[in-house]
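Undergrad: Sequences and hints are given; from them, build the entire structure.
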Amino acid sequence: MSVITIERKVLEKNDEIASANRELLHAHGLLTVNMVSSPGAGKTTILERTLERIADRVPVGVIEGDVQTDLDAQRVARYRVPAIQIVTRGGCHLEAALVRDALRNLDLGAIRLLIIENVGNLVCPSNYDLGEDFKIVVASTAEGDDKPLKYPAMFRNASVLLVNKVDLLPYLDCSIDRLTSNALKINPSLQVFKMSARTGEGLDAWCDWLVAQTPHTGTGT
Amino acid sequence: MHELSIAQSILDIAERHLPPGDNTRVAVVRVRVGQLSGVVPESLEFCFSAIVPGTRLEGASLVIERVPLTGSCPSCGHTGPLPDSLPFCPVCGEAVTVLSGNELHVAEMELQE
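Going down the list, the protein sequences come from chains A and B.
Sequence positions in the first sequence follow my numbering and run 1 to 221.
Sequence positions in the second sequence follow my numbering and run 1001 to 1113.
None of these hints come from the bench; they were simulated from the model.
Misleading hints may appear alongside valid ones.
Computed spacing ranges between beta-carbons, pair by pair [said to hold, decoys possible]:
{"id": "1", "chain 1": "A", "residue 1": "92", "chain 2": "B", "residue 2": "1015", "range": "22 to 28 Å"}
{"id": "2", "chain 1": "B", "residue 1": "1043", "chain 2": "A", "residue 2": "19", "range": "26 to 32 Å"}
{"id": "3", "chain 1": "A", "residue 1": "159", "chain 2": "B", "residue 2": "1066", "range": "28 to 34 Å"}
{"id": "4", "chain 1": "B", "residue 1": "1005", "chain 2": "A", "residue 2": "169", "range": "35 to 41 Å"}
Footprint (simulated), chain B over chain A, 3 or more residues, beta carbon under 8 Å [stated by the list, open to error]:
{"id": "5", "stretch": "56 to 69"}
{"id": "6", "stretch": "157 to 169"}
Away from chain B, derived, C-beta distances all over 10 Å, residues of chain A [to be verified]:
{"id": "7", "residue": "7"}
{"id": "8", "residue": "33"}
{"id": "9", "residue": "40"}
{"id": "10", "residue": "79"}
{"id": "11", "residue": "98"}
{"id": "12", "residue": "104"}
{"id": "13", "residue": "134"}
{"id": "14", "residue": "172"}
{"id": "15", "residue": "185"}
{"id": "16", "residue": "188"}
{"id": "17", "residue": "192"}
{"id": "18", "residue": "201"}
{"id": "19", "residue": "208"}
Beta carbons: idealized from backbone N, C-alpha and C, even for Gly.
TA: See below:
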């Protein structure tokens, strides 16, 4: 009985395309981030508030991922940044091939920061590398302070945590200290920013940090 | 997670590693599925069996080695399985370095005689 040794990762095809995406993005001197969260945590609103504050400091491009509609890309387009909408029609996460195709429709020489807003889903996106430099996980206070313990893979695979909807804390049983300490237990190297996209609290600190991470020079200056 | 598309990826990888020619048939495909991979082994077996008819892997069984979540604690030095799928040391409670449990690999296949 002959045995053929294979030893390949099942998701290697996605990983190969993601590496090619990463190489292309770096060749243009871009910082690329992948925003993930449960549906309704506030990714798009945070993105809008972020674009308001940084679009005239750093040339930004956006890739939106949704199951249906281009509503999010329409919201983002109001800030006069190039935005590509990927509609997955049932797919619950973005994959590297979808991002590769979207990149063909973006002038990468004209931007220095690319923000990918993933489909709202705290499970599957953690397994699918898109070619980003790091993941940003958004968790809202309304989801409870044990969220990081229930979705450890996503919190471990992210580099930044945005805790949104802090304005709702007086109406919730969520302890922001417990949420933060749970997240840091899962991933001690998480950068944590607390904010309310609705009131604007905490947005400036987050935006200043993001601008500081973005390369000063690239083919897009 | 997406057991059907994962089964398809396993099938694609196995087919790519078959020797050329039409008469080789596969008896077993062995995969390693980690406890933290998000994949449900029973669903994966079911999906694999549903998609192999009509392919060169028709009749092949999928044998899944479940890889437990293990870690090593940088604080107290304990190394071993992690209970409750949480990345904390069962001895001192600190965060551990995960050693195994994230695998989703096609290991090998056995050909039919």
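Undergrad: Now, for every hint given, state plainly whether the structure supports it.
TA: So, going through the hints one by one against the coordinates:
1. A hinted range of 22 to 28 Å for the beta carbons of residue 92/A and residue 1015/B is consistent with their spacing of about 26 Å.
2. Between residue 1043/B and residue 19/A the Cβ separation comes to about 29 Å, which falls inside the hinted range of 26 to 32 Å.
3. About 30 Å separates the C-beta atoms of residue 159/A and residue 1066/B, a value consistent with the hinted range of 28 to 34 Å.
4. In this structure the hint that residue 1005/B and residue 169/A lie 35 to 41 Å apart at CB holds, the actual value being about 40 Å.
5. Check result for the stretch 56 to 69 of chain A against chain B: violated, 0 residues qualifying (beta carbon to beta carbon below 8 Å, three or more required).
6. Residue count for the stretch 157 to 169 of chain A with a Cβ under 8 Å from a Cβ of chain B: 0. That is fewer than the three needed, and the coverage hint is violated.
7. Look at residue 7/A: its CB is around 6 Å from the nearest CB on chain B, not clear of 10 Å, so calling it non-interface is violated.
8. At roughly 22 Å, the least C-beta separation between residue 33/A and chain B is larger than 10 Å, which holds for a residue marked as non-interface.
9. In this structure residue 40/A is separated from chain B by more than 10 Å, as the shortest Cβ-Cβ distance comes to about 21 Å.
10. In this structure residue 79/A is separated from chain B by more than 10 Å, as the shortest Cβ-Cβ distance comes to about 33 Å.
11. Remark: the non-interface label on residue 98/A is consistent with the geometry, its nearest Cβ contact in chain B lying 13 Å away (cut-off 10 Å).
12. Against chain B, the non-interface label of residue 104/A holds: every CB pair exceeds 10 Å, the least being about 23 Å.
13. Once the 10 Å rule is applied to beta carbons, residue 134/A is consistent with being away from chain B; the minimum gap is 18 Å.
14. Against chain B, the non-interface label of residue 172/A holds: every CB pair exceeds 10 Å, the least being about 24 Å.
15. Distance check for residue 185/A against chain B: the nearest CB is about 6 Å away, which does not clear 10 Å, and the non-interface claim fails.
16. For residue 188/A, the non-interface assignment is contradicted: its Cβ lies about 6 Å from the closest Cβ of chain B, within the 10 Å cut-off.
17. The Cβ of residue 192/A lies farther than 10 Å from every Cβ of chain B, with a closest approach of about 15 Å, so its non-interface assignment holds.
18. Every CB of chain B lies more than 10 Å from the CB of residue 201/A, the least distance being 29 Å, so the non-interface label holds.
19. No beta-carbon of chain B is positioned within 10 Å of the beta-carbon of residue 208/A; the least distance is around 29 Å.
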